[in-house]
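*Asks:* Below, each chain spelled out in residue letters.
2 protein chains.
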Amino acid sequence: MKLQDITILGIQPIGLSLALSIKNSSIKTNNIVAYSENSDLVNSVKSLNLFDDVNKDLQKSLDGSSLVIIDSPLIEIPSLLESISNYPDIKTVLNLNGSQSKCMTWANDILDKSIGYIGIRPILKTEQPDITNISDLLLEDLDICLMPSTSTDKKSIENVIYIIEKIGANPYFLEVSEHDSYFTAMNKLSDVISAAYVNATTTKSSWIEMYKSAGIEFDQLSTNATKDPVTNEAECLTLSDPLIYWIEEMIASLNKFKDTLKSENDDLLNYFVHAWEQKAKWESGALSQNLDSPHMPSASEAMGNMILGGKLSKRLSGNDGPSKRKNWQYPK
Amino acid sequence: MKLQDITILGIQPIGLSLALSIKNSSIKTNNIVAYSENSDLVNSVKSLNLFDDVNKDLQKSLDGSSLVIIDSPLIEIPSLLESISNYPDIKTVLNLNGSQSKCMTWANDILDKSIGYIGIRPILKTEQPDITNISDLLLEDLDICLMPSTSTDKKSIENVIYIIEKIGANPYFLEVSEHDSYFTAMNKLSDVISAAYVNATTTKSSWIEMYKSAGIEFDQLSTNATKDPVTNEAECLTLSDPLIYWIEEMIASLNKFKDTLKSENDDLLNYFVHAWEQKAKWESGALSQNLDSPHMPSASEAMGNMILGGKLSKRLSGNDGPSKRKNWQYPK
Numbered sequence: 000m001k002l003q004d005i006t007i008l009g010i011q012p013i014g015l016s017l018a019l020s021i022k023n024s025s026i027k028t029n030n031i032v033a034y035s036e037n038s039d040l041v042n043s044v045k046s047l048n049l050f051d052d053v054n055k056d057l058q059k060s061l062d063g064s065s066l067v068i069i070d071s072p073l074i075e076i077p078s079l080l081e082s083i084s085n086y087p088d089i090k091t092v093l094n095l096n097g098s099q100s101k102c103m104t105w106a107n108d109i110l111d112k113s114i115g116y117i118g119i120r121p122i123l124k125t126e127q128p129d130i131t132n133i134s135d136l137l138l139e140d141l142d143i144c145l146m147p148s149t150s151t152d153k154k155s156i157e158n159v160i161y162i163i164e165k166i167g168a169n170p171y172f173l174e175v176s177e178h179d180s181y182f183t184a185m186n187k188l189s190d191v192i193s194a195a196y197v198n199a200t201t202t203k204s205s206w207i208e209m210y211k212s213a214g215i216e217f218d219q220l221s222t223n224a225t226k227d228p229v230t231n232e233a234e235c236l237t238l239s240d241p242l243i244y245w246i247e248e249m250i251a252s253l254n255k256f257k258d259t260l261k262s263e264n265d266d267l268l269n270y271f272v273h274a275w276e277q278k279a280k281w282e283s284g285a286l287s288q289n290l291d292s293p294h295m296p297s298a299s300e301a302m303g304n305m306i307l308g309g310k311l312s313k314r315l316s317g318n319d320g321p322s323k324r325k326n327w328q329y330p331k
Numbered sequence: 000m001k002l003q004d005i006t007i008l009g010i011q012p013i014g015l016s017l018a019l020s021i022k023n024s025s026i027k028t029n030n031i032v033a034y035s036e037n038s039d040l041v042n043s044v045k046s047l048n049l050f051d052d053v054n055k056d057l058q059k060s061l062d063g064s065s066l067v068i069i070d071s072p073l074i075e076i077p078s079l080l081e082s083i084s085n086y087p088d089i090k091t092v093l094n095l096n097g098s099q100s101k102c103m104t105w106a107n108d109i110l111d112k113s114i115g116y117i118g119i120r121p122i123l124k125t126e127q128p129d130i131t132n133i134s135d136l137l138l139e140d141l142d143i144c145l146m147p148s149t150s151t152d153k154k155s156i157e158n159v160i161y162i163i164e165k166i167g168a169n170p171y172f173l174e175v176s177e178h179d180s181y182f183t184a185m186n187k188l189s190d191v192i193s194a195a196y197v198n199a200t201t202t203k204s205s206w207i208e209m210y211k212s213a214g215i216e217f218d219q220l221s222t223n224a225t226k227d228p229v230t231n232e233a234e235c236l237t238l239s240d241p242l243i244y245w246i247e248e249m250i251a252s253l254n255k256f257k258d259t260l261k262s263e264n265d266d267l268l269n270y271f272v273h274a275w276e277q278k279a280k281w282e283s284g285a286l287s288q289n290l291d292s293p294h295m296p297s298a299s300e301a302m303g304n305m306i307l308g309g310k311l312s313k314r315l316s317g318n319d320g321p322s323k324r325k326n327w328q329y330p331k
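Residue numbers (numbering that gives the first Met the number 0), protein chains in the order written: chain A, 0 to 331; chain B, 0 to 331.
Same shape as in the complex, but just chain A (with noise of 0.2 Å):
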């Protein structure tokens, strides 16, 4: 397979990445070109000398492309969706964007059914890159969600399993509301309770003095507060209706851990103790097998300890064998 022109419309770390992990695989490719509006992007991506063209003249961009790799705030989605929509030479249109229901709309409404659109979401086990640091390596192994369009053409599809495995990734299929929460519950909802967080604690009389009592728990909690906040709002509005599913679902746990904390019994610990199981359930990747059949442990699971290193280890080792409890289920 040999692709033709790859164009990324918005020049961050992600999109970066992916188009990067393309031309350094073993694909065929011709022009991989970036494309950003601000022109301190573009000079500090043109710099790295790593793509064939970095500019800020979009029908430039586009022009010859086959394939465009969409990783912009969603403002600026439909606009870009009717720019690709000039272009006949364009077969496939990934779209990197968080809120995919909105955005398939949108695609639906703007693009010829002719264009392949694949909505699409790497999960990350790392913080991004910033964009002078960006990878081929960020994305090899990681789960690659892919969410095509009711009308994307079967050759598209095909083409962009290929491209992934090629990358080293796994792709796997959702329907755009599944995703979007999904995406909202593991991604969306931390930034609302960082921005909570800070409300919260920061709206009160006390803050005057509590400030300086402030240190890295305040901080870690805090950090999804510095995203950018009209980014944020336009993300929020497009995921209102999970989003407020999700927080009601947040504030009934935490009304349900105060009424723990008032009972004489051990609810309170079991509730720490299901948390910290269920941590550790997932970091262990023991979610991956069918938990009804019966347990019969995996290369990989055997493994996990060592594999996964000392922190995790160290919480999952205990005095009983194996035998006796399951590597996730906290030792008491």
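Derived from the structure by calculation, the hints contain no laboratory data.
Hints are not guaranteed to be accurate.
What the hints assert, rightly or not - A few chain A residues facing chain B, derived, Cβ under 8 Å:
1. 122
2. 144
3. 181
4. 197
5. 221
6. 228
7. 229
8. 235
9. 237
10. 241
11. 264
No residue lacks a Cβ here, since even glycine has one placed at the ideal position from N, Cα and C.
With chain A's structure known, arrange chain B on it following the hints.
*Replies:* Just chain B now, kept in the frame of chain A:
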């Protein structure tokens, strides 16, 4: 000033780092001894060769000591205070545990009034190192909160201030009840939010599909759910009053967010802008100025962006001149 022997009860990073800072400062000391009943911890700290003795014999560890630093889990503290009472040479006890009110009550009940008891908490700005990577630089330049009991003599307090200044940190004083409220909001609440988040998301039937969409954001927000549930339970019980207050504030803040999400005006944007600005204000150090007085930027504030480095500096920079907006205000 010359200190006699110093004993650290409990082998944990902060207590050991504090002792190491004292050892490597210009303060003259006799032996510095670290105690734990855990043989593994004793052996791994012994092999660092940083202290005069590391052992699991409590009596031997306390014998001849004049300053004791407690850095132990809450449940062990009453019995440690009992033991300390048997050593008339001990002049001062510093306690690093987070549940200061509870510990203060125990200290008042158990310790002889001739022993100066002071709760102490350094406000860490970085992750705690593990015990094999402790550093005499960990506490440098940090604020260290001090909470003496009412019966603590002036001499003990002066000595502790002297020590803290000699290791390059800044002492400040709080009432224990204030400390517990602030500590709960700035520290303990993040453990509860983390566990509540894991319990909210992993108990739904969707989790069996959703876990695959969990990446770094889930990992980060659930980090504190990995803390030992037994310790978490004990700390929450001793901090239950401030905890209930702050959980209710957090719920109110989430409810307010839900309302702004449904509003048709700028409330949602303003919610994020408020959080963004409060975080920036804290990060830039603007809170330590008197905000009611006419604003004259201090040298440190003017240098703030440069000192704080890339990320914040980029966020706080805009096209407006510094005279038009304060450096923590969101540029809109």
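*Asks:* Measuring from the C-beta of residue 264(A) to each C-beta in chain B, is the shortest one below 8 Å?
*Replies:* violated, 11 Å
*Asks:* When the nearest CB of chain B is found for residue 122(A), is that gap smaller than 8 Å?
*Replies:* Constraint on residue 122(A) satisfied, holds at 4 Å.
*Asks:* Measuring from the C-beta of residue 229(A) to each C-beta in chain B, is the shortest one below 8 Å?
*Replies:* holds, 7 Å
*Asks:* Using Cβ atoms only, decide whether residue 237(A) comes closer than 8 Å to chain B, and label the hint accordingly.
*Replies:* Result: violated, 11 Å to nearest chain B Cβ.
*Asks:* Would the hint on residue 228(A) stand, with a C-beta cut-off of 8 Å toward chain B?
*Replies:* holds, 4 Å
*Asks:* Quick check on residue 221(A) please, does its C-beta sit within 8 Å of some C-beta on chain B?
*Replies:* holds, 5 Å
*Asks:* Take the shortest C-beta to C-beta distance between residue 144(A) and chain B; is it under 8 Å?
*Replies:* holds, 7 Å
*Asks:* Classify the hint on residue 241(A) as holds or violated, based on whether any CB of chain B lies nearer than 8 Å to its CB.
*Replies:* violated, 11 Å
*Asks:* Against chain B, with CB atoms and a cut of 8 Å, does the hint on residue 197(A) hold up?
*Replies:* Residue 197(A) check passes; min Cβ-Cβ to chain B is 4 Å, inside 8 Å.
*Asks:* Minimum Cβ distance from residue 235(A) to chain B below 8 Å?
*Replies:* This interface hint holds because 6 Å falls under the 8 Å limit.
*Asks:* With 8 Å as the cut and Cβ atoms as the points, is residue 181(A) at the interface with chain B?
*Replies:* For residue 181(A), the interface hint holds, since the closest Cβ of chain B sits about 4 Å away, which is under 8 Å.
Taken one by one, the earlier hints fail for this structure at numbers 9, 10 and 11, listed in ascending order.
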